[in-house]
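J.: These protein sequence lines are chains U and W, in that order.
Everything in the first sequence is counted per this note's numbering, starting at 48 for the first residue and increasing by one.
Everything in the second sequence is counted per this note's numbering, starting at 48 for the first residue and increasing by one.
To be clear, the hints were calculated from the coordinates, so they are not data collected in a lab.
Built from N, CA and C at the ideal position, the CB exists for glycine as well.
Don't take every hint at face value.
Here are some, though not all, of the chain W residues that point toward chain U, as calculated from beta-carbon distances under 8 Å [to be verified]:
1) 73
2) 74
3) 156
4) 256
DSBU-like mimics (lysine-lysine), calculated; alpha carbons at most 35 Å apart, straight line [claimed, not checked]:
5) 103(U) <-> 83(U)
6) 157(U) <-> 103(U)
7) 119(U) <-> 260(W)
8) 256(U) <-> 115(U)
9) 115(U) <-> 66(U)
10) 115(U) <-> 83(U)
11) 66(U) <-> 157(U)
12) 163(U) <-> 103(U)
13) 114(U) <-> 66(U)
14) 127(U) <-> 163(U)
15) 197(W) <-> 163(U)
16) 115(U) <-> 103(U)
17) 164(U) <-> 260(W)
18) 166(U) <-> 103(U)
19) 166(U) <-> 197(W)
20) 119(U) <-> 66(U)
21) 114(U) <-> 260(W)
22) 83(U) <-> 256(U)
23) 127(U) <-> 256(U)
24) 127(U) <-> 157(U)
25) 127(U) <-> 114(U)
26) 137(W) <-> 157(U)
27) 127(U) <-> 260(W)
28) 197(W) <-> 137(W)
29) 115(U) <-> 260(W)
30) 103(U) <-> 260(W)
31) 103(U) <-> 119(U)
From the structure, some residues in chain U lie toward chain W, with a derived Cβ separation under 10 Å [to be verified]:
32) 109
33) 111
34) 115
35) 118
36) 121
37) 127
38) 139
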Amino acid sequence: MIRFEQVSYTYPSGYEALKALSCEINAGEYVSIVGKAGSGKTTFFMLLVGLLRISKGDLFVLDQSLKKTNDKQLSTLRRKIGTAARWLPLVNHVSALENIIQPLLISGMKPLLAEKKGKQLLSELELGHRYRDDVVTFSDSEYSKLLFARAIVHDPLLILIDDPFDQIDSPTYQLINQMLEERVAQGVTVIDSSRESTTNQNRKHRTIKLMDSQITDDREQLFFDISI
Amino acid sequence: MIVNHSSSLIQLKHVLKKTRFNIVLFMLSMSLCFAFILSAINLTRYYNHHAEELLHHIQAVIFLNSSANTSDVTSLKNQLSHQSNVTNIKLIPKDEGLAQLRQDPNLTDILTHLNNNPVPDALIVTLSTSNGGELHQLLQDWQKSPIIHKVNIDLPWVERTLHTRDFINRLSTVFVSVMGLLLVVLLISSIRHYHINSREEQFIAQCFGATAKDIFLPLLEIVLLESLVVIVVGLIVSLTILKGLSHGLEALFFSTLSFNALHFNYILFLTCSATLFSITTLMTFIVIYSAPTQTHMIKRR
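Assemble the whole structure, with the sequences as input and the hints as a guide.
T.: Spelled out as structure tokens, the structure:
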């Protein structure tokens, strides 16, 4: 599904954000990328979406080499990826529904069908009554829910979550986690970089630790419900 | 022409909501430029038509020598009729000439004391020319004829008419060029305005798989629609300007500025519109592809 082969990325300023990164993520895996600020997490996600071009090495996303893709192939690939991140904000002064159905419209779904699906998803996220409201009127927690909704509405094969949930409350976090787990069970790959490195839910959860632009740890972990 | 590009139109709808007043200002400015261009071209055509009418009906009076007989006159008439600039020749025999002069009350006293008819035979020659030098040469050639006594023509007036026509054409060219340049500058500003204000939306759409065509075509549609509004408003303003000037022009030049194919050329209007659409498409393409969106331009919440 995803394969980093000695991938390095250097920003135009000369800062090397990732150094010779190698790892493999299979379909249906839930992987957390953890690391302190500046360790390269966001660069990692931007490379996966193809927003940054790798400096060295090769990167395969959904078994397609990003080094050899043209713009059209990249666009097709991006339609299979859902991204929830603060660096991919919602469009202000446009309604919640119009924001979250963008991926559906881009992939060619008819507007009426897209709106129906969008409303259904908003209802699942307890925002169904606010689908017409402009996103500037939403709280941080609700905003995070919308980011998540936009990332999953088009049933992508790969979901990327780059730290959009630091402002959400616990019930929302649990709801989102539940929805993610349902998708993982269906074979969708999820990669997140939430600063939450521990959870209070039962799940098999692989963690990749980044430090100083390199992977320093990569392990499967089991977390147990601390209430047991 | 407007196809379903809802995804990108969602992005642009946001731009329209955000910048409505700016868009209205741009469109108003461009409409005025277009109106001035149309009006200037039509007024120039009107004056050129008027000048052409005048220059096709220049009258010269050729006074013949008193020694010229009937065969000389006939020969001269034939010679003149073969010249390309001459459109009409009318002979005024001396008796008719005298009779015409007698109709002028100021000359009655003088003419009653004349014993013989001093008025020579005259030829009223109607000329058509658009070249003062050519006319001057023609008059010099006539003056050499042994049977011609004098040629009367208001040459300064002809030259003034020609110079005025040329000056108005040059002035119009400069004015239309400047207005055209201003229109193009405003068009580029308008396109840039759309592009810059929709950069965030374009970036987001690209991240979810929108192609360059998905981004470009809706923006082009919006800009062409704006151009259509500019053309329609410009046409209405232009017609209003021309209608307002119509009476004044009629009083000055004694010919009407009526809105028929002769004066208001619809083919010209369509040509101007097609040119505007072509420039719009080209400028949209250049602006979008010369300024790609970078991630650091995106505002995060």
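J.: If a hint holds in the structure, say so; if it doesn't, say that too.
T.: Against the structure, the hints come out as follows:
1. 73: violated, 20 Å
2. 74: Violated, about 21 Å.
3. 156: violated, 92 Å
4. 256: holds, 3 Å
5. 103(U) <-> 83(U): It holds: about 24 Å lies between the C-alpha atoms, which stays within 35 Å.
6. 157(U) <-> 103(U): violated, 40 Å
7. 119(U) <-> 260(W): holds, 10 Å
8. 256(U) <-> 115(U): holds, 28 Å
9. 115(U) <-> 66(U): holds, 21 Å
10. 115(U) <-> 83(U): holds, 32 Å
11. 66(U) <-> 157(U): violated, 43 Å
12. 163(U) <-> 103(U): Not satisfied, since the Cα-Cα distance of roughly 44 Å exceeds 35 Å.
13. 114(U) <-> 66(U): holds, 17 Å
14. 127(U) <-> 163(U): Holds, at roughly 20 Å.
15. 197(W) <-> 163(U): violated, 95 Å
16. 115(U) <-> 103(U): Measuring from Cα to Cα gives roughly 13 Å; hence the hint holds.
17. 164(U) <-> 260(W): Holds, at about 26 Å.
18. 166(U) <-> 103(U): violated, 43 Å
19. 166(U) <-> 197(W): Not OK: residue 166(U) and residue 197(W) at ~97 Å, beyond 35 Å, violated.
20. 119(U) <-> 66(U): Within the cut-off at roughly 28 Å; holds.
21. 114(U) <-> 260(W): The hint holds at about 22 Å.
22. 83(U) <-> 256(U): Holds - the C-alpha atoms of residue 256(U) and residue 83(U) are around 9 Å apart, at most 35 Å.
23. 127(U) <-> 256(U): holds, 26 Å
24. 127(U) <-> 157(U): holds, 18 Å
25. 127(U) <-> 114(U): Holds, at roughly 18 Å.
26. 137(W) <-> 157(U): violated, 81 Å
27. 127(U) <-> 260(W): holds, 19 Å
28. 197(W) <-> 137(W): holds, 16 Å
29. 115(U) <-> 260(W): holds, 21 Å
30. 103(U) <-> 260(W): holds, 30 Å
31. 103(U) <-> 119(U): holds, 22 Å
32. 109: Interface hint status for residue 109(U): violated (12 Å vs cutoff 10 Å).
33. 111: Constraint on residue 111(U) not satisfied, violated at 13 Å.
34. 115: Given a least distance of 18 Å, the restraint on residue 115(U) is violated.
35. 118: At 6 Å from the nearest chain W Cβ, residue 118(U) passes the 10 Å test, so the hint holds.
36. 121: At 8 Å from the nearest chain W Cβ, residue 121(U) passes the 10 Å test, so the hint holds.
37. 127: holds, 8 Å
38. 139: Result: holds, 7 Å to nearest chain W Cβ.
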